[in-house]
Amino acid sequence: MQQNPKTRLLTGLAVGLSLATSPIAHAEDDPIRISFIEPLSGPFANVGDLGLKHFRFTAEKMNESGGILGRDIKIIAMDNKQSPSESVQLVQRSADEGIKFVTQGNGSNVGGAMIEAVERNNRRNKDNKVLYLNYAAVDPALTNEQCSFYHFRFDAASDIKLEALSNYMKDQEDINKIFLVNMDYSHGHFISKRMTELVDERLPQAEIVGDVMHPIGQVRDFSPYVSRIQQSGADTLVSGNWGNDLSLLVRAIDSAGLDIKIHTFYGGGLGTPAAVGLRGEGILHQITEWHSDVNVDEGLEEYENWFREFKQRYPEIDWYFHRVYNQMHMLKAAIEEVGNAEDIDAIARALEGMKFESPTGTITMRAKDHQMLQPLYISVMDAGAKYDADNSGVGWGTVAQIPVEQATVETTCNMRRP
Amino acid sequence: MLETIAYSIFNGVLYGTLLFMMSSGLTLIFGMMGVLNFAHASFYMLGAYFAYTLGLTTGFWLALILAPIAVGAMGALVERYGLRRVHQYGHVPELLFTFGLAYVIEELVALFWGTVPIPYKAPAVMNTTAFTMFDLDYSWFKVFILLVAVAMFVGLWLLLMKTRAGQVIQAALSRPDMVGALGHNVPLVFTLVFAFGCALAGLGGVVGGIQFVTDPGMAFMMGPIVFVVVVLGGLGSVPGALVASLIIGILQTFFLSINFSLAETIGTFNIENSGFFGVLWHMEATRIAPVLPFLLLVLTLIFRPRGIFGKREA
Amino acid sequence: MATNTSAAGRINLLKLWPWLVIPLIAIVLPFVFDSGHTINLLCHMGIAIIFALSYNMLLGNTGLLSFGHAVYFGLGAFVAMHLLRAINDAGGQGLPIELLPLVGAAAGLGFGIIFGSFSVRRAGVVFAMITLGLGELMHSSSLMFTDFFGGEAGLFGYRDEAPSLFGVDYAPSRNVYFLVVAWTLIAAILMYLLKKTPLGWMANAVRDNPERAQFVGYNPTIVRYIQFVLSACFAGLAGGLFVISNEIVNDEVLGRLQSGAVLLGTFIGGIGYFIGPVVGASLVSFLESSLSAHTEAWVLYFGLLFIAIVMFAPMGLVGIIHTQYLNWKAGGWKGNTGIRLYLLLSGLVGIFGLICVIELSYHYFRSWDPSAPFVLMGFDTNATHLTPWLVSFAITIIGFGLMCLHGNPLLKRHVSANSDGGKA
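Chains as they are written, first to last, in the working numbering: chain A, 1 to 418; chain B, 1 to 314; chain C, 1 to 424.
If you're looking for bench data, these hints aren't it; they were derived computationally from the structure.
Backbone N, C-alpha and C define an ideal beta-carbon position, used for all residues, glycine too.
Any given hint might turn out to be false.
In silico DSSO-like cross-links for lysine-lysine, where the CA-CA straight-line distance does not exceed 27 Å [claimed, not checked]:
(1) B:K121 with A:K311
(2) B:K121 with A:K386
(3) B:K121 with A:K261
(4) C:K196 with C:K329
(5) A:K261 with B:K162
(6) A:K170 with A:K261
(7) A:K386 with A:K332
(8) A:K129 with A:K74
(9) A:K61 with A:K311
(10) A:K386 with A:K368
(11) A:K193 with A:K368
(12) C:K412 with C:K334
Which bits of chain A does chain B cover? Going by a derived footprint, with three or more residues having C-beta under 8 Å, they are [claimed, not checked]:
(13) 141 to 149
(14) 222 to 234
(15) 242 to 248
(16) 273 to 287
With these hints in hand, go ahead and build the complete structure from the sequences.
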């Protein structure tokens, strides 16, 4: 009895579909589009939003000075809801709409799916290839077993970060008992495994006194972990946690009055400084490719202005992803070298092995596995820093700069090239 | 071991009291109206956000009182203009209504306050150390949480047992039709109970938002665990909610505090850490802890669907 | 809960025309919209339709509200994926890819038999909570047992490196789409026929009055169990198809959001109609993928749509149209068609205004520079000025105001006057 509604809905659906997928014509002076595939809704929306603002800001600044080959850069935001399979769809959508570049960073699981999707698309649609620029997914597998000709990583992979960290730690006399707290997924598993190996090999004065995994985003009260840390007598904590899982951990450690140094990957962003505040001073360390007071220490005035302008525009957050700057400028250099933004194979070849003068020094995109090699900084929360992070009242002060040679790990990548 | 037990009990009780603040309202609402309020954790979240915003002008102590009242008022509006309309269609649509409401509230919170965690903190006085146990400091704020929870339980008990309003609620819990027949305005009682339950969740949020993190994801994280507490304690039973909150709080904390896996305790017997049983054999207690509540939920429902103190089956 | 049972019993061939027309449209669609993304979307619609129909075997037909139906979808998908990987590893030898969904179905059936045995003893809240708990348990375990579930990165497989029954190359999405259409049709026919068997009738009886059903001699637990197991089987089938279309599965396929989405879709479509889940699942998949590309506020619209349906049209979208159709056929529209159109129009105006308000708010609160001009419904607007706000609010209030305070009473008066006239 409900034939009428059915046909009506189907016509409606058909009209809607045609609206949603109308083909987009493009010409030489059309903007160069980059799909930004990140969570823009749901529990991780703040993380995606932070990255989006970085890319939009960078694109705008670059457009002011002529864009790429005289064409504007346009960032197309796509919401992947932090889901790998959704991201696969969005890579497909980007290819359909003629977008040649996709960028993503949050979640190595999403990163792995993106590599699969890009590889699959480039194999099946040879005349419509896509390039994946990864600005934050740090699973070493992405540039080792899973490495791809169409994937470039601009952040330091977690094995590189641990390498740099252990090179720093081996000179620290007061690091004797190390405790590991990590999230229960591949990222955390890797840190736990690799850190244990590194301590055995390089740090004769130190031992691992505890190694726990906790589920992602489900622990609300970290005090039981704190009691275990306290019982183990640890003086140093290494954690790959991020977001709330890190904030809660640091807050629990501080409110219990534990005297311990915390080394993290992500202490400087994703809401942690605001959530931790002064409690993290002198305790919370991070290892990154850059932090805001590097500009001050090294007199990088131009880059400091860049930082300040970003802050003016988005008062609630800070310029955090230095690698977005590197990534966008290197993409520009590669496209201009090739002379067009359509020949993906040529652009990928131009990016391979490219050396770039970043404000922090020369950085290199290793040709063998497409992993960026760059100097790293170990910094600690510091109320005396010139710039505070996320308006928390505390910023970051450099503890050590790790030169490129000490922040490099060999790769097992065996790349399939076109 | 003694230390571990002492920690587990203290921290567990602390966590349990926070759970109780949320679940008491939920269980009251269910007992009364038969509605499992999926949006209950959303009201908890609203409590934290309201307290933060109000606290900017009125200070924390006034916000501690005003925020739950504001959340309660929102609850009353939701009941009066939303739930009551859906009530005529039965319990499933009622449940679905609160299910949709949870999505909407989360989006609205993200719209007005942003998706980044807000810097909602306790007044400086409460961050000082109250006492030290086995070398770990406990702040006044943790003591304060305990006090609020105790005050709440005593207040609830007095309200339900000693006042006329409480007697009406008690009666309506078991025989709503009779209460209506006796001339009480049952719809009004429903609205009040719903508002009151939401206000309790809001109070939980005022405290919990400080203890944990205040961001739009907090409701989604807290949601299912509250259901576990309510089912375990027995739907509609306030003392049950208290006992279940404490059980879950202590049990979970204990599992997190100990270093235990079958392989470590009994021996590996050359069982490899792969395959279903191998992984289970090597699984550490800390990794099991978060699923423990759901295991309890399923087991309770299979073997004792009425929960610990429930008078009737759900 | 009314079901469209009037047609059952006697088979009227004329009534079967939707079964021909819809597949025809489905086959023509990919030639009209040939972008890969649209075809992917259409594949997802097909899978969502099977999943939603299987869900409605529980909710609509048996009255069981499940918050964990994705468990069977997901387990079906994982088992099918393991088989696909085994086929890939064997160099493309083994089960033809067309039959892979059957593997998913078998897995769904198996797990349905296990989990159903203790889930269905009671209906109502107990059942809902058990499914919620099982869903959370399975989802958490999927991250613990990484051998089987592949951890948070999930598992990949290649559909074009597997044998085909008919020698089809499944690399292009369009060929996959036809496979999805075929399976959707088969599953839909099977579920429709199941609904018409005595089992389907018993399920309805158990839903409406378990005591009486028991008294008549049917054990409600057994009826629920059979329905549950069959429903899990079809969910697994959908999971198997999902593997072919997506070539990736990870923990999210059996998570809370997936279980929530199928509930939303089924209910929005209408649980009392066989076609309801079809409409709802298509609409939800379509909105999810296209709305999110156009507006930040899509989750809010979604939530509001769902709440509006629960509050004002618990029979779903199909329910609204069906009641109006019946009403029209019975002559209920006579003399008041104008008023009904007026109601519809004012409602649409109100919704339009509300959308303007929401879009303005999102721009005002979310954008880094609220004063930056943006295009709202074709107009260049500045969200920091008062005028667009006033206009949007005015449209909303006028629209809904006219509908509730003028149109609705008018219609009621008209209808009651007419029926009085009839009596007199």
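Comparing the hints with the structure gives:
Among the hinted pairs, K121 (chain B) with K311 (chain A) is consistent with the structure: their alpha-carbon atoms are about 24 Å apart, no more than 27 Å. Between K121 (chain B) and K386 (chain A), the direct Cα distance comes to roughly 24 Å. Compliance with the 27 Å bound is thereby established for this hinted pair. A distance of roughly 23 Å separates the Cα atoms of K121 (chain B) and K261 (chain A); the hinted pair therefore holds under the 27 Å criterion. The hinted pair formed by K196 (chain C) and K329 (chain C) meets the criterion: a straight-line CA distance of about 26 Å does not exceed 27 Å.
Restraint check: the Cα-Cα separation between K261 (chain A) and K162 (chain B) comes to about 53 Å, which exceeds 27 Å; the hinted pair is violated. This hinted pair checks out: K170 (chain A) and K261 (chain A) have alpha carbons roughly 15 Å apart, not beyond 27 Å. The straight-line distance between the Cα atoms of K386 (chain A) and K332 (chain A) is roughly 31 Å, outside the 27 Å bound, and the hint therefore fails. With a C-alpha separation of about 18 Å, the suggested pair K129 (chain A) and K74 (chain A) falls inside the 27 Å cut-off, and the hint holds.
Taken as a hint, the K61 (chain A) and K311 (chain A) pair is honoured in the structure, with Cα atoms around 14 Å apart against an allowance of 27 Å. Restraint check for K386 (chain A) and K368 (chain A): not satisfied, since their Cα atoms lie roughly 39 Å apart, outside the 27 Å limit. At most 27 Å may separate the alpha-carbon atoms for a hinted pair to count; K193 (chain A) and K368 (chain A) meet this at roughly 25 Å. A distance of roughly 13 Å separates the Cα atoms of K412 (chain C) and K334 (chain C); the hinted pair therefore holds under the 27 Å criterion.
Against chain B, the region 141 to 149 of chain A contributes 0 residues with a C-beta closer than 8 Å to a partner C-beta. That does not satisfy the three-residue criterion, and the hint is violated. For the region 222 to 234 of chain A, the proposed coverage by chain B is satisfied: 8 residues have a C-beta within less than 8 Å of a C-beta in that chain, meeting the threshold of three. Three residues within the 8 Å Cβ limit are the bar, and the region 242 to 248 of chain A against chain B gives 3, so the coverage statement holds. By the rule of at least three residues with a Cβ nearer than 8 Å to a Cβ of chain B, the coverage given for the region 273 to 287 of chain A holds, with 3 such residues.
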